[in-house]
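Participant: Since chain A is already given, all that's left is putting chain B with the ligands on it; use the hints.
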Amino acid sequence: MIGILLAKLKSFIRNPWTFLIFTGMSMFFAFIFGGANVDKAYVPIHAVNDEIKDSFIGQQIEEQEGFQFSWMTEDELKEKIETGNAEIGVILQENDFNIIVGVDSFNTSLVQQIILGIYHEKKEREQILLAAGQDVSDKGNILSEMDQVMERPIFNLESASFRGEGAFVYDNSLHRIFGFSLFFVIYTIAYNVLPILTEKRDGIWDRMILSPLKKSEMYVANLLYSFITGYFQVLVIFSMFRYVIGVDFHGRFLETLLLLIPYVFSVVALTILISAIVKNSQQFNAVLPLLAVSMAMIGGAYWPIEIVESKLLLMLAKINPLTYGMEVLQGAAVYGYPLEELLFPISILILMGVVMTGLGIHLMERRHI
Amino acid sequence: MIELVDLTKKFKQMYAVKNLNMFIERGEIVGLLGPNGAGKSTAISMLSSLVEPTGGDVRFDNKSILKNPAAFRKIVGMVPQNIALYTDLTAEENLLFFGRIYRLGGKELNRKVDEVLEQIGLTDRRKDVVKNFSGGMQRRLNIGVAMLHDPEMLIMDEPTVGIDPQSRNYILETVKRLNEERGMTVLYTSHYMEEVEFLCDRIYIMDKGNLIASGTKDEIKQILSSEKTILIRADRINGKFVEALEQHSLINRVTIGEKEVTILVPREANVFSEIIKLAESTGLELLSVDNKTPTLEDVFLHLTGRALRD
Ligand SMILES: Nc1ncnc2c1ncn2[C@@H]1O[C@H](COP(=O)(O)OP(=O)(O)OP(=O)(O)O)[C@@H](O)[C@H]1O
Ligand SMILES: [Mg+2]
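If you're matching them up, the sequences are chains A and B in order.
When we follow the working numbering, the leftmost residue of the first sequence carries the number 18, and every step to the right adds one.
When we follow the working numbering, the leftmost residue of the second sequence carries the number 11, and every step to the right adds one.
Next up, chain A with everything else stripped away, as it sits in the complex:
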């Protein structure tokens, strides 16, 4: 069994092109579509008069780190949302604000929280001024003194939430990295399972069957090899983004890598099943892109699955390993769920993996002995 693995590994080193191409493509797409403002979602904003923009509210908004707020006229803002260039927009009034929602996402409530917070703070400051008395000339001083005091508080109270500094949730760049990695790794794995078909056709398997090698060793070696190359690919991609490009995994980098294991396993199983069903490698090559692309679309690799509405597609998403793969990764790195909350998708992935491997091997054995 070790022998088979070594032979395959040697072949791999002599001919790493498939692997490199799919790894490269995956990174390229994630990088391009991830956008330059990797961490910030774009939010158009409009103030009914310029005073608001220059006041405390405007300043606070511009200091926000989680989102990229961009000032514009109301018409421009509405157009951005209608054309789908922005998910939501904000219109500021003196003492109130409106949020215009194009696509309802996790961002909606976050933006609302942020802006509500700013308005509260503004109210507070006005209250303080009121309490300080009628001495209008000192108005500026009081506030700047207060700000200074606030920066050197008597009690140093720190709080942190699990989403870390700067609130944000729909993390575009992570979503792309996850999506494209999970998508392209299907190809890498599939092209490493494919040799089983050619080795069977050419008689390499017959040679092994006649040798003292056990059938189980042959399958385990092949599965293991496909798994290792697939996993190695996502490892390379994620590490690249984490350490070279500097994408923030919100402290869940290791967890993300671990949580990939069930997904990669289920994809190995899926490709084993396909290779057991198709008649030859041509059919395999024809089916694979169809399957991979539809899995990616339905499973939310390209866009958040939340925007899919068709009942049928949502049903199909439920039997798609990629859906659960995305769910697990997003859950861990973006929403910061603890492991227990991810147990459900993880078990589904493992279950799918076991069932499809079993079925695939059974079919192969029945067909070719």
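The hints are simulated quantities; they were obtained by calculation from the structure and are not laboratory data.
Heads up, some of the hints might be wrong.
[Stated by the list, open to error] Pairwise CB distance ranges (calculated):
1. A:K27 to B:D67: 40 to 48 Å
2. B:Q129 to A:K27: 22 to 30 Å
3. A:K232 to B:R121: 51 to 59 Å
4. B:D67 to A:N32: 39 to 47 Å
5. B:L76 to A:V237: 46 to 54 Å
6. A:M18 to B:K117: 17 to 25 Å
7. B:L260 to A:L380: 53 to 61 Å
8. A:L376 to B:R192: 44 to 52 Å
9. B:T64 to A:S256: 49 to 57 Å
10. A:K232 to B:E190: 30 to 38 Å
11. B:N301 to A:K232: 52 to 60 Å
12. B:N120 to A:L380: 34 to 42 Å
[Said to hold, decoys possible] With the Cβ distance kept under 8 Å, some of the chain B side facing chain A (calculated, not the full set):
13. S58
14. N92
15. Y96
16. R110
17. K269
18. I286
Just so you know, even glycine gets a beta-carbon here, dropped at the ideal spot from N, CA and C.
Facilitator: Structure of chain B with the ligands alone, referenced to chain A:
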């Protein structure tokens, strides 16, 4: 040593092999001959316990191998019809790999690899990647891999298809040498008559899943004792001429090639003058008319009415 008893394989409604009876004794080279789709590979796969027969039995030293193939697998070396090698690896790496799956290791493995490389004449190419080998070299390695564990019996499925005459002779000589020097038993499958004539003591001929002849070379040629073959060559064969031949009472069988026609006639008949007459009357320009000594090819023609290779 090995005996096939009414061996049958059905794919859906089609018989790939039907009621095949064969035996091979230790130290023999036995030929299995047949055109494309005759069922040779299927028969071989069943014999070597890779494909389960629909019916019949395969017996090794009088014990069925269907339930218990281990003993037979140990002593058999299989040369598949395709190149069953890792083409991204070198010749040496392939041999090492297939040696290891036979649980060879250490010095013994290295010694075996050297020996096999010597036998197949690839010692100086051992470090080259198989992908870059010529067809003939790949074929040789394909055979070499099957010999690593010193099999008593070698089963070869068309080991010479698609290669140059030089490599082909090399392979034939190697097989003959293995048989003479080590007493290796060989089952040699081919659709080249010459190879089988050169190598084999006994021959089985299959067509469309059925055994149509078997015996020693001489026995099989005896089948033709009542007939002889005449080869007619012309610049361009015309339909009228062929028709005339077919209608002739002495001519048993007509097979048409591009620039030649082969006919079978009774041994005693003298048809030369008749042929020349027919050619004149149909406006055919004859190049030659030859009496052929019978070959296995002719036997096949006689039995099936078709040439072995199309
Ligand atoms: N797995 C299979 N499923 C269905 N039909 C098969 C299968 N394997 C072989 N056949 C059919 O059985 C017949 C015999 O095939 P086989 O490969 O044994 O012939 P062969 O004598 O080895 O021919 P060749 O000289 O081309 O190798 C063919 O008609 C082939 O199409
Ligand atoms: Mg064949």
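Participant: Next step is simple, just say for each hint if it's right about the structure.
Facilitator: Outcome of the hint check:
K27 (chain A) and D67 (chain B) have their C-beta atoms about 41 Å apart, which keeps the hinted 40 to 48 Å range intact. A hinted range of 22 to 30 Å for the beta carbons of Q129 (chain B) and K27 (chain A) is consistent with their spacing of about 24 Å. One distance hint, 51 to 59 Å for the beta-carbon pair K232 (chain A) and R121 (chain B), is violated here, with the actual separation near 29 Å. Between D67 (chain B) and N32 (chain A) the beta carbons are some 44 Å apart, a value that agrees with the proposed interval 39 to 47 Å.
Distance hint check for L76 (chain B) and V237 (chain A): the Cβ-Cβ separation is about 26 Å, which falls outside the suggested range of 46 to 54 Å. The hint said 17 to 25 Å for the Cβ distance between M18 (chain A) and K117 (chain B), and at roughly 23 Å that hint holds. About 59 Å separates the C-beta atoms of L260 (chain B) and L380 (chain A), a value consistent with the hinted range of 53 to 61 Å. Checked against the given bound of 44 to 52 Å, the beta carbons of L376 (chain A) and R192 (chain B), roughly 46 Å apart, stay inside it.
At roughly 54 Å, the beta-carbon separation of T64 (chain B) and S256 (chain A) lies within the given 49 to 57 Å, and the hint holds. As the Cβ distance of K232 (chain A) to E190 (chain B) is approximately 37 Å, the hint placing it in 30 to 38 Å holds. The hinted window of 52 to 60 Å between N301 (chain B) and K232 (chain A) holds, with their beta carbons roughly 57 Å apart. The beta-carbon spacing between N120 (chain B) and L380 (chain A), approximately 40 Å, falls within the hinted interval of 34 to 42 Å.
Proximity of S58 (chain B) to chain A holds as hinted, the smallest CB-CB distance being about 7 Å (cut-off 8 Å). Because the smallest distance between the Cβ of N92 (chain B) and any Cβ of chain A comes to about 4 Å, under 8 Å, the interface hint for this residue holds. Taken as an interface hint, Y96 (chain B) checks out: its beta carbon lies about 6 Å from the nearest beta carbon of chain A, inside 8 Å. The restraint placing R110 (chain B) at the interface with chain A holds, with a minimum CB-CB distance near 4 Å, inside the 8 Å limit.
With 8 Å as the threshold, the beta carbon of K269 (chain B) stays out of range of chain A, its nearest partner Cβ sitting at about 37 Å, so the hint is violated. Of the supplied interface hints, the one on I286 (chain B) is violated, with its beta-carbon coming no nearer than about 52 Å to a beta-carbon of chain A, more than 8 Å.
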